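Between the sequences and the hints, there should be enough to build the whole structure, so can you do that?
2 protein chains.
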Amino acid sequence: MEQDLQQTIALLSRTPDVLGALLRGLPESWTRRGEGDGTWTAFDVVGHLAYCERVDWMTRARLILSARDNSEPPAFRPVDRQGQQRESAEKSLEQLLDEFSSFRRENVKELASLNLTPAEMTLEGLHPAFGPVTLSQLLATWATHDLTHLHQLSRILAHQYRDAVGPWSAYLGVLRCDGHSSPA
Amino acid sequence: MEQDLQQTIALLSRTPDVLGALLRGLPESWTRRGEGDGTWTAFDVVGHLAYCERVDWMTRARLILSARDNSEPPAFRPVDRQGQQRESAEKSLEQLLDEFSSFRRENVKELASLNLTPAEMTLEGLHPAFGPVTLSQLLATWATHDLTHLHQLSRILAHQYRDAVGPWSAYLGVLRCDGHSSPA
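Chains as they are written, first to last, in the working numbering: chain A, -8 to 175; chain B, -8 to 175.
Just so you know, the hints here were simulated from the structure itself, not pulled from any lab data. Keep in mind the model is a prediction, meaning the values are calculated, not measured. Mixed in with the good hints, there may be bad ones.
Which copy is meant is left open, so a pair is good if it fits within one copy or across any two.
Cut-off 20 angstroms, straight-line C-alpha distance, at most; resulting in silico cross-link-like pairs (SDA-like, lysine to any residue) [unchecked claim]:
{"id": "1", "residue 1": "100", "residue 2": "56"}
{"id": "2", "residue 1": "100", "residue 2": "16"}
{"id": "3", "residue 1": "82", "residue 2": "94"}
{"id": "4", "residue 1": "82", "residue 2": "31"}
Okay, here's the thing in structure tokens:
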């Protein structure tokens, strides 16, 4: 389906509670283990989402809207891939979940208040890797980015029981997923 | 890591709230669409989880425990693959979420009350497809089965914005997941 602001907001506004329900109070044997050396833990995923929520999506949306009268679409600044490690290092998982939840609430409130028109949805920005993208694509990606990390989280957690399930591993699709996460 | 009853219960007891936070009140344009002809929607996934919760996991755990003095492990009855369609047909998503939540609460309460010993965790049942499995493997699979369907749910929802994200699809792993779900 096409990106629709109400559909997008319906998803965006739910993610903090989804992550909270899954991860708050969950033992660290689930939340602090990844899928092998150099892979992300559930803690890292939440740190990434909190960081993106602060520096990425609405920053880019605002930039597109602020440049609407320019002759060329404005260029997005690349997201600092080290930023989340720096900002998460001293925090607890609960703090990161709180931050994500708070940033998300503010962002969704601002997004809704913009009363974006169909014409504004077609305004463009320049992505550092693949050039012109529309505001509508940015908003659809914001919601889908939540889902790609929920997908990753379920895989990271399942990995911890990879051996414990014994022969059932043949029936559990999540254990056959090889992971496809890349930066957005 | 090895299956551990407290770790397993920590996950099992969270899943109803995770699904509720994600799906309660979400527009049907998200919850009633699958990934193409003959594929499951979010509604179908919740119907499957509610059905399994009633007929599968604890039924098999009780069977294993009840046959502990037999010379052979007891055979599991295959799960009726049509059962969930039959039982979900007339219900709303909210009803299925309520049922799943209620069955899960009862099951986790019963599981915790069994005070299973390490020796009991090694008791076996006979799975219709792959023979002997232990009670410990059954419990690990129960929790991982939640995660495989959370993995699937995030993929089904993301699929609806597959076109809407435009070139960003290259960066969204969930859109490259080809799905691997099979019955458990």
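Right, here's what the structure says about each hint:
1. 100 <-> 56: within (16 angstroms within a copy, 53 angstroms between copies)
2. 100 <-> 16: Close across copies (19 angstroms), not inside one copy (28 angstroms); limit 20 angstroms.
3. 82 <-> 94: within (16 angstroms within a copy, 36 angstroms between copies)
4. 82 <-> 31: within (16 angstroms within a copy, 39 angstroms between copies)
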